[in-house]
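These protein sequence lines map, in sequence, to chains G and S.
The opening residue of the first sequence carries number 1 in my numbering; numbering runs sequentially from there.
The opening residue of the second sequence carries number 1 in my numbering; numbering runs sequentially from there.
Calculated from the structure, these hints are not laboratory results.
Just to be clear, a hint being listed does not mean it is correct.
[Claimed, not checked] Which stretches of chain S does chain G cover? Using the computed rule of at least three CB atoms under 8 Å from a CB of chain G, they are:
no. : stretch
1   : 102-111
2   : 130-137
3   : 353-366
4   : 410-421
Note that CB positions come from ideal geometry on N, CA and C, so glycine has one too.
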Amino acid sequence: MDTTAGNRLGGALPPQERLTALRERVGKLAGGSLGTHRLLPFGVSAIDAALPDGGLARGALHEISGLGGDEEDGAVAAAFLAGILARLAPPQPVLWCLAADDLYGPGLAARGLAPHRVLSVRARDDRTVLEAMEDGLKVPALAAVVGEVGALPLTASRRLQLAAANSGVTAFVLRRWRSGALAAAERTAPVAAVTRWRVSAVPSRPIDDEPGIGRLIWQVELTRCRGGVPAQWILEACDATGHVALAAELADRAPAPAERQPLRAIG
Amino acid sequence: MEWLGGRGLLAAVDSRLADSIAPGMPLADARAIAPGIVALDADPEGDAAALRKLAHWCGRYSPWTATDGMDGIWLDLTGVAHLFGDEASLAADLVARLKRQGFSARAAIADTPGAASALARAGREAIAVVPSGAQRVALALVPVGALRLPLETVELMDRLGLRRIGDLYKLPRPAMVARFGLAAAERLDQALGTLPEPLSPLPPTPTRSSHRRFAEPIAQPEDLAAAIASLADALCCALAGDGVGARRLALRFYRVDGVVLALEAGTAQASRDPRHLAHLFAERLDRIEPDLGIEDMRLEALVVEPLGSRQASLDRTGAGADRSGDALANLVDRLENRLGAGSVTRMRPRDSHIPERAVERVPAFAPGAGGTPWDTERLRPLRLLARPEPIEAVAPIPDDPPVLFRWRRLLHRIRASDGPERILGEWWRSREEETELRDYYSIEDTDGRRFWVFRSGLHRPGASPSWFLHGVFP
């Protein structure tokens, strides 16, 4: 019965949507995420082109870690994630599980994530963070579940991926390591995440040759992506609507505000 | 045994010796009558604690129990006797169980606490059930000392030949008040029921609880979980009848050996979803050691709040939006029960210039936690350290940010900075804050890492300023 319905539906649709419908069915048969149409595009064509189907898969597990000094406090990683969450199913709440609660509301708001959407869960350690995440992933009322962990065993990441696929709630693990050595050891360990991101701060770009800190610039690497291509970009930090933009090519060229506008408007 | 004025007086005696020696007797006399008795020092505090524990255990019979003096426990049996057959079988069951625990006990059931207390202590039968309204007859032959009167009053009555409570019936009331005081007359009235004696200082509240007694003590986790589920079902029915939901619950386990174990659970939003409430306790059953078995369980809603009829149909056909809201509330409850109260919070802006005070943590469902505007005008870090950490900084120019600093053993060379933003202490809070001043700088090192640091106090020539790192920018 399902097959005929699918055929009838598919036959009446234009080719592009038929393809999407077929992909969705294949995805279901393959036991993967609940339909590949559930995507969150970045609105930056260069990034979306590297991701399968042009966006970040919802109802899946994604990993974000810091680099170059950000491993420990994960400020850049959290800001990059805040930009994604700002655009992910607002105003639904986000469950953010962590052992040491150092998230600062005004800082989240500046990256587009309304702090009142964040339900912070103060766990005791990595294990309890992962347990809380798994509980949260069973609640479809949540837009996403975030967990800040150091150690992430492969089985634990598989469970998270499975729970996310079952409920359609998107899961993010934000890795935080106490030292660079620990980071080096953990970074290469396999994780059952659909995408793995590595973000770090790079020197800011002056605005109109003004002294002081200019535009915040990040280096963003997509190190692993199921069905996609690893890639890396130099981006401007996400703005108060959660959108990132490609940074202008030349370090010394001050980009005019008008130049950045179209890139932001895409999303 | 009590020591009074250097003389050893007996405070209590074993029931086997009660015929020959009695409390109040000097130890020397007692030794003469019953040579070879073992005398132990009295331990009033220990006795009181044990009595409180026992009163707690008696909660399996009635939700309302209290200690009575040094040696008694009151149970309010209004409306509960039928659960045990009748009043007589309840009393028999209670005395039998106490005996198994090693207590010799007497019980009396009467309309008034005064009558029950008197008969239990001085009545002829070990278990007395006074029919309703018959306390006057039942008390007539009981010694006056059982009326909870001061010792002098009892001695005075004794001298006047008033030895039994029945003797007092004949006294005209004005004479009795004049001779023995109003308190004595009131004690008599309370025992007879002509003057009410409220046992609880609190206004009577409808107790919302459910109760299960087991024919055989249970110990298996599955059996306990099943019992919890059935208790939750019964409680939720009662809650639905009153149109309320539970915010705070207690589950008590009465063990065969007289130990009472308890679990408490809270909910973020009033709930009467039996599956959810049962889950809150079932999750923590591993903390309960059933030992030889649990013979009774009681689930009680300690705090309730009004709750519409909305939730009744939750598990079956709940409407989408309501259902998802409840699912979230249930999640918060589960997490808080596992990780501790207050572990799930939301951020709310607060009117303060001090960065660490500008955000407050409120419960997940606190009113007004959503939709408050946030100030994004000022540059603020994404991670704020719980408390500012001191850094070693090199800042050669007064009122300029450092050019170099060391934080957590790493050296950072500064290439760009913004600031200062001066933040003054909130002088109305304390005298120390009156003079507090912080100059905040946003600084970026040569790797592009960005920090929020401040210098504490004004720059003073000759004095090296103290620098702190307070947050990290993305």
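Hint by hint, where does the structure go against what was stated? Just the numbers, ascending. Violated: hints 1, 2.
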